[in-house]
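A.B. asks: Note that the numbering used here has the sequence shown beginning at 1, numbered continuously upward.
These are calculated hints, taken from the structure and not from any lab test. Do not rely on the hints blindly, as some may be mistaken.
Think about it this way: if two alpha-carbon atoms lie no more than 30 Å apart in a straight line, the pair counts; the simulated BS3-like pairs of lysine-lysine are [as the list claims (entries may be wrong)]:
1) 353 <-> 421
2) 448 <-> 351
3) 184 <-> 307
4) 421 <-> 448
5) 307 <-> 353
6) 421 <-> 351
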Amino acid sequence: MSAPDLYVTAGSFDSDELLSVASDAAGNFVVAFNAYDTDAAYQGPCYGSPCVLTRRRDANGVLAPATFIVGDPRLNAYSGAYYNQTANPELAADGEGNFVVAWEGYDSTSAGSVTEGVWARKLVNSGQVNGGQFLVNAVKNGYQGDTGRLDLAADDAGNFTVVWHDENDDYPPYSGVSIRRFDKFKNPIGSQQNVTPDSANDVAVASTGAGASMVVWGDGPIRGRVYDSLGAAVGAEFQVAATGSYPEVSAAGPSAFVVVFDGPAGLAGRLFDTAGSAVSNEFAISPTGYTPSVAADGVGNFVVTWKEDDYEARAQRFQVEAPQPADHPLLGKVLVVTNKIPDDFAKSSGKWKAGGSVVVPQRGSASDPRCNGDPAGTVKATARFSSATSGEDTGPIPLPCEGWTATGSNVVSAVLERGFKYSDSGAVHGPCSSITITGTKSLSVTCKGKTGFAVFSYDLMVGAGQGAMIASLTLGDFTYCAEFQPLLDGSDGKQFKGKALAVPIACP
1 MSAPDLYVTA GSFDSDELLS VASDAAGNFV VAFNAYDTDA AYQGPCYGSP
51 CVLTRRRDAN GVLAPATFIV GDPRLNAYSG AYYNQTANPE LAADGEGNFV
101 VAWEGYDSTS AGSVTEGVWA RKLVNSGQVN GGQFLVNAVK NGYQGDTGRL
151 DLAADDAGNF TVVWHDENDD YPPYSGVSIR RFDKFKNPIG SQQNVTPDSA
201 NDVAVASTGA GASMVVWGDG PIRGRVYDSL GAAVGAEFQV AATGSYPEVS
251 AAGPSAFVVV FDGPAGLAGR LFDTAGSAVS NEFAISPTGY TPSVAADGVG
301 NFVVTWKEDD YEARAQRFQV EAPQPADHPL LGKVLVVTNK IPDDFAKSSG
351 KWKAGGSVVV PQRGSASDPR CNGDPAGTVK ATARFSSATS GEDTGPIPLP
401 CEGWTATGSN VVSAVLERGF KYSDSGAVHG PCSSITITGT KSLSVTCKGK
451 TGFAVFSYDL MVGAGQGAMI ASLTLGDFTY CAEFQPLLDG SDGKQFKGKA
501 LAVPIACP
């Protein structure tokens, strides 16, 4: 879908290419831009002095009647030797339909003193200013926020977090990247903190709806750090990528963040949880392009935009099903049991296939069944076959982590093919020989009776009073199950099928 371009301002402005945009849930959006009007004939609101302006359009593109001056050094201007400026605005929208804008600037007084740093102001839904501008940084020594590198993010309740890079080397520990959090009424939540003492050419922040924030920075190694809703650091800084530049971050659902960056092989990304742990490997976005940006929806799907050398702007949408640990009762398709030697318990085999909505855990998460550095023999997944009618139950059947591999592409967009596969064809670790689970598609489990191990106590064969059978698979915090009713006696050596019953209310 395309639409004509919408202009933001009218009149003559210089240096108005520094733009930032934010949209609320209803589709209304506000643009903030840095302007310095030098047209003596026009003499607009920024004539003779740089300022930050905002302009709003509603979801239908209707332009608000006024352009609001958000940051203006002339509000407290001094005409002496000090240079008054505002620059590099950044916008964020909260969950209540309001906005907050932050920028860098000087604020001079008539006495000749100057306060340099990061300033902010709240905007109501209409885009009009709500209260006066206020200083974000508590530390006023040195060069706070005088580098063109800052960002901010807001949560659903209207609280917001601002991060910026400063050159305050003479006043440690406040050099490097700083962070400060505020509530919806502009009251500080905690004190100004130092994210890292390292110099950062790029810095970005994102917040979940509940207020957890992730900060990313770096040019070379890209680093990150997570903060909780009270502004306290959640652990130490960690590596996002060994090599990269221009990192950007967005909340990907209620419990994850997606980071995109320009890597050595092109644009790439990676997913992290709110504890700062990686829940995916690096995935490729584009072999070409630079300066990526990212925005996500409420369930974790996200869009990445970037520039190409031919000056074209590109975008790609990624489908990511954020893991939600829970029971997943499924409607089974077919249960096939073969008794190769009549009435020989040790040779009974059962294969369970189930269709429906299959949610696959994220790779690298606590529910990833693979070893991922864990020693062989570590059990992160189990299978189970049980009958509530007869009381027979195999109990958890161990599926050691070394038997698992990942299936499908590492590219996050290939979520429909992503999954895990278990193979133990030689029955080295127990009766289950093959398991395949694929996102949104299918799930199958094959186990056989086998002597020499803990006996597979449920023979999967029709017997008096056995009744319906439930097959379960557990991967970490995820449990999948389906219920079947055996139909035909298999003691004559023939196959028989089980009829899929209603979806279980809960997994055993």
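A.B. asks: A separate judgement is required for each hint: does it hold in the structure or not?
C.D. replies: Hints, verified against the model:
1. For the hint pairing residue 353 with residue 421, the CA-to-CA distance comes to about 14 Å; that is within 30 Å, so the pair holds.
2. For the proposed pair residue 448 and residue 351, the alpha carbon gap of about 9 Å is at most 30 Å, so the pair holds.
3. For the suggested pair residue 184 and residue 307, the alpha carbons sit about 35 Å apart, so the restraint of at most 30 Å is broken.
4. As the CA atoms of residue 421 and residue 448 are separated by approximately 17 Å, the hinted pair is consistent with the 30 Å bound.
5. With a C-alpha separation of about 45 Å, the suggested pair residue 307 and residue 353 falls outside the 30 Å cut-off, and the hint is violated.
6. The suggested pairing of residue 421 with residue 351 holds, with an alpha-carbon distance near 15 Å, which does not exceed 30 Å.
The structure fails hints 3 and 5 (numbered hints given earlier, in ascending order).
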